[in-house]
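**Student:** In case you want the letters, here they are:
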Amino acid sequence: NAGVMQNPRHLVRRRGQEARLRCSPMKGHSHVYWYRQLPEEGLKFMVYLQKENIIDESGMPKERFSAEFPKEGPSILRIQQVVRGDSAAYFCASSPSSEFGANVLTFGAGSRLTVL
Amino acid sequence: EDKVVQSPLSLVVHEGDTVTLNCSYEVTNFRSLLWYKQEKKAPTFLFMLTSSGIEKKSGRLSSILDKKELSSILNITATQTGDSAIYLCASPPGTYKYIFGTGTRLKVLA
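Protein sequence lines, in the order shown, are assigned to chains A and B.
Note that the numbering used here has the first sequence beginning at 9, numbered continuously upward.
Note that the numbering used here has the second sequence beginning at 15, numbered continuously upward.
Worth double-checking, as some hints may not be accurate.
As the list claims (entries may be wrong) - Far from chain A, by Cβ distances over 10 Å, these chain B residues were calculated:
{"hint": "1", "residue": "V26"}
{"hint": "2", "residue": "L48"}
{"hint": "3", "residue": "I68"}
{"hint": "4", "residue": "A92"}
{"hint": "5", "residue": "G96"}
{"hint": "6", "residue": "K111"}
What the hints assert, rightly or not - One-sided and incomplete, this derived list gives chain A residues near chain B with beta-carbon spacing under 7 Å:
{"hint": "7", "residue": "L46"}
{"hint": "8", "residue": "P47"}
{"hint": "9", "residue": "E49"}
{"hint": "10", "residue": "L51"}
{"hint": "11", "residue": "F53"}
{"hint": "12", "residue": "F115"}
{"hint": "13", "residue": "G116"}
{"hint": "14", "residue": "A117"}
To be verified - Quick list of in silico lysine-lysine cross-link-like pairs, BS3-like style, CA-CA up to 30 Å:
{"hint": "15", "chain 1": "B", "residue 1": "K71", "chain 2": "A", "residue 2": "K52"}
{"hint": "16", "chain 1": "B", "residue 1": "K55", "chain 2": "A", "residue 2": "K70"}
{"hint": "17", "chain 1": "B", "residue 1": "K55", "chain 2": "A", "residue 2": "K79"}
{"hint": "18", "chain 1": "A", "residue 1": "K35", "chain 2": "B", "residue 2": "K51"}
{"hint": "19", "chain 1": "B", "residue 1": "K82", "chain 2": "A", "residue 2": "K35"}
{"hint": "20", "chain 1": "A", "residue 1": "K52", "chain 2": "B", "residue 2": "K121"}
{"hint": "21", "chain 1": "A", "residue 1": "K59", "chain 2": "B", "residue 2": "K55"}
{"hint": "22", "chain 1": "B", "residue 1": "K55", "chain 2": "B", "residue 2": "K82"}
{"hint": "23", "chain 1": "B", "residue 1": "K51", "chain 2": "A", "residue 2": "K59"}
{"hint": "24", "chain 1": "B", "residue 1": "K81", "chain 2": "A", "residue 2": "K70"}
{"hint": "25", "chain 1": "B", "residue 1": "K55", "chain 2": "A", "residue 2": "K52"}
{"hint": "26", "chain 1": "A", "residue 1": "K35", "chain 2": "B", "residue 2": "K54"}
{"hint": "27", "chain 1": "A", "residue 1": "K79", "chain 2": "B", "residue 2": "K81"}
{"hint": "28", "chain 1": "A", "residue 1": "K52", "chain 2": "B", "residue 2": "K51"}
{"hint": "29", "chain 1": "A", "residue 1": "K35", "chain 2": "B", "residue 2": "K121"}
{"hint": "30", "chain 1": "B", "residue 1": "K81", "chain 2": "A", "residue 2": "K35"}
{"hint": "31", "chain 1": "B", "residue 1": "K54", "chain 2": "A", "residue 2": "K52"}
Treat the hints as calculated values from the structure; they're not laboratory data.
Here a beta-carbon is modelled for each residue, glycine too, at the ideal position from N, C-alpha and C.
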């Protein structure tokens, strides 16, 4: 069981470039969540997806950020025209269902984005 | 607004000491409170608490929930350097979004 796999682990981009972060959920998990962790802050919810569906993107900035979880392949968090304030650790988590009262999120190791 | 607050923000102890980490919460439709350990990799799950007053234990770590006080504590006895990490507390309100505290950064000195 490989767990939640995220790549790249580290990504450096210049202002204005695009960042693509990938997440493969644990085997058997069909629910994916993205969280962002800014320095000295807690994890903040960004978006919740199921296969081919965005269920809740209320935590994601409306501009420049998008997420998808296609039928085949990993979930992608895409940040266009990155700015320095996007520098953070982006964590993906997965669960077998969305019943948080009964299921525990399993996290990936995170992707650390640095914007120069 | 739903929130989870952890204290202290950071803690430095010596090996063998016992530490108590605190977490207080204000969430709508409370269902559970979870503790995670975060090192330089994925946050790893420690405990999920749903019932007040029932201690969960795993080795030298234990945790308990107090629904009356809207709080939880995480105890680590006989600390080791390998316990050095950020300990995160989280609670999902009635929906599916975990609300995380900012964490307690624990450093255990040899």
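**Student:** Holds or violated: are the alpha carbons of K51(B) and K59(A) at most 30 Å from each other?
**Tutor:** 29 Å, holds
**Student:** Should the interface hint for F53(A) be scored as holding, given a Cβ-Cβ cut-off of 7 Å against chain B?
**Tutor:** It holds, given that the least Cβ distance between F53(A) and chain B is near 4 Å, below 7 Å.
**Student:** Does the claim that A92(B) lies outside the interface with chain A hold up, using a Cβ gap greater than 10 Å?
**Tutor:** Holds, since 26 Å exceeds 10 Å.
**Student:** Was the hint right that L46(A) lines chain B, CB cutoff 7 Å?
**Tutor:** 10 Å, violated
**Student:** Let's test the interface hint: is any C-beta of chain B closer than 7 Å to that of P47(A)?
**Tutor:** At about 11 Å, which exceeds the 7 Å cut-off, the nearest Cβ of chain B leaves the hint on P47(A) violated.
**Student:** Within 30 Å, alpha carbon to alpha carbon, are K55(B) and K82(B)?
**Tutor:** At roughly 34 Å apart (the allowed maximum being 30 Å), K82(B) and K55(B) break the hint.
**Student:** Answer holds if the nearest beta-carbon of chain B is closer than 7 Å to that of L51(A); otherwise answer violated.
**Tutor:** 4 Å, holds
**Student:** Per the CB criterion, is F115(A) less than 7 Å away from chain B?
**Tutor:** This interface hint holds because 4 Å falls under the 7 Å limit.
**Student:** Does K54(B) sit within 30 Å of K35(A), going by the straight-line distance between their CA atoms?
**Tutor:** Holds, because 23 Å separates the two Cα atoms, which is no more than 30 Å.
**Student:** Would the pair K35(A) and K121(B) pass a check requiring their Cα atoms to be no farther apart than 30 Å?
**Tutor:** 34 Å, violated
**Student:** Check whether the Cα positions of K55(B) and K70(A) lie no farther apart than 30 Å.
**Tutor:** With Cα atoms ~28 Å apart, K55(B) and K70(A) stay inside 30 Å; holds.
**Student:** Beyond 10 Å from chain A, beta-carbon-wise, is K111(B)?
**Tutor:** Contrary to the label, K111(B) does not stay out of reach of chain A, its closest Cβ about 4 Å off (not over 10 Å).
In this structure, the earlier hints numbered 2, 6, 7, 8, 19, 22, 24, 27, 29, 30 are contradicted, and the remaining ones agree with it.
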